[in-house]
Amino acid sequence: GAGVSQSPSNKVTEKGKDVELRCDPISGHTALYWYRQSLGQGLEFLIYFQGNSAPDKSGLPSDRFSAERTGGSVSTLTIQRTQQEDSAVYLCASSLARDSEAFFGQGTRLTVV
Amino acid sequence: AQSVTQPDIHITVSEGASLELRCNYSYGATPYLFWYVQSPGQGLQLLLKYFSGDTLVQGIKGFEAEFKRSQSSFNLRKPSVHWSDAAEYFCAVAGYSSASKIIFGSGTRLSIRP
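Taken in order, these protein sequences are the chains called A and B.
Numbered by my numbering, the letters in the first sequence go through residues 298 to 410 in order.
Numbered by my numbering, the letters in the second sequence go through residues 6 to 119 in order.
Since the hints were derived computationally from the structure, they do not count as laboratory data.
None of these values were measured; they are calculated from a predicted model.
It is possible that part of the hints are untrue.
Keeping only pairs whose Cα atoms sit at most 20 Å apart, straight-line, the calculated EDC-like set for lysine to aspartate or glutamate is [stated by the list, open to error]:
1. B/Lys73 - B/Asp90
2. A/Lys314 - A/Asp360
3. B/Lys54 - A/Glu398
4. B/Lys73 - B/Asp13
5. B/Lys66 - A/Glu398
6. A/Lys312 - A/Glu382
Chain A regions said to be covered by chain B (calculated; three or more residues, Cβ under 8 Å) [as the list claims (entries may be wrong)]:
7. 328–339
8. 372–383
9. 397–405
The beta carbon of each residue, even a glycine, is placed where N, CA and C say it ideally should be.
All chains should be built: construct the whole structure from the sequences, respecting the hints.
Put into structure tokens, the structure is as follows:
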């Protein structure tokens with residue numbers, strides 16, 4: 298596709314349920330990032346994939362959060378046993394190289410009720 | 006680890022006035038620096054970036070930023086703002102290593118006074 302695609306665009310889930318958020322990066326982009334943006338807040342780094350290297354998971358807030366990237370392309374962010382404080386917009390970005398612009402998707406708005 | 010500080014949470018300027026948004030970073034070597042803009046209901050868009058060379062970089066929409074190593078700053082400027090510039094602005098930093106992720110500041114919300 299022409300840009301970074303995220304699905305779903307909106308997700309409402311009940312507290313305690315698991316959710317999966319999907320990111321399709323721009324074809325050929327080796328770097329993929331996940332960020333979380335809570336209402337009125339900045340972008341909180343979650344996880345970073347770069348090529349075949351081990352991902353940088355240093356931003357994941359708890360062991361309920363995990364992410365994988367299959368075949369160096371599509372990525373899935375999984376949140377287990379969702380809590381109300383997980384409600385936020387989850388943004389995915391990809392870039393071609395270190396010195397390239399990171400292109401962002403439109404995000405998935407997650408609401409935990 | 007790198008970090009970014011944007012000390013101003015919210016700034017209001019009059020249309021036509023000049024603008025400067027502050028950004029300070031922490032990183033052990035020369036960083037990659039970015040400014041992104043997020044308009045209401047829109048995704049994040051890159052305004053400009055600094056990697057090396059000339060410390061004054063020009064971006065889209067008439068914005069510019071100056072890298073000052075001695076002050077660890079990368080302030081964003083525009084000589085004359087337009088009402089359409091009202092948005093959230095984020096400064097970001099990354100390192101030269103391919104293992105270095107992009108870290109964002111907390112953002113500055115810009116309002117334009119008619």
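Now the hints, each set against the structure:
| no. | hint | result |
| --- | --- | --- |
| 1 | B/Lys73 - B/Asp90 | violated, 24 Å |
| 2 | A/Lys314 - A/Asp360 | holds, 15 Å |
| 3 | B/Lys54 - A/Glu398 | holds, 8 Å |
| 4 | B/Lys73 - B/Asp13 | holds, 18 Å |
| 5 | B/Lys66 - A/Glu398 | holds, 17 Å |
| 6 | A/Lys312 - A/Glu382 | holds, 10 Å |
| 7 | 328–339 | holds (count 4) |
| 8 | 372–383 | violated (count 0) |
| 9 | 397–405 | holds (count 6) |
Hint violations for this structure: numbers 1, 8, all remaining hints satisfied.
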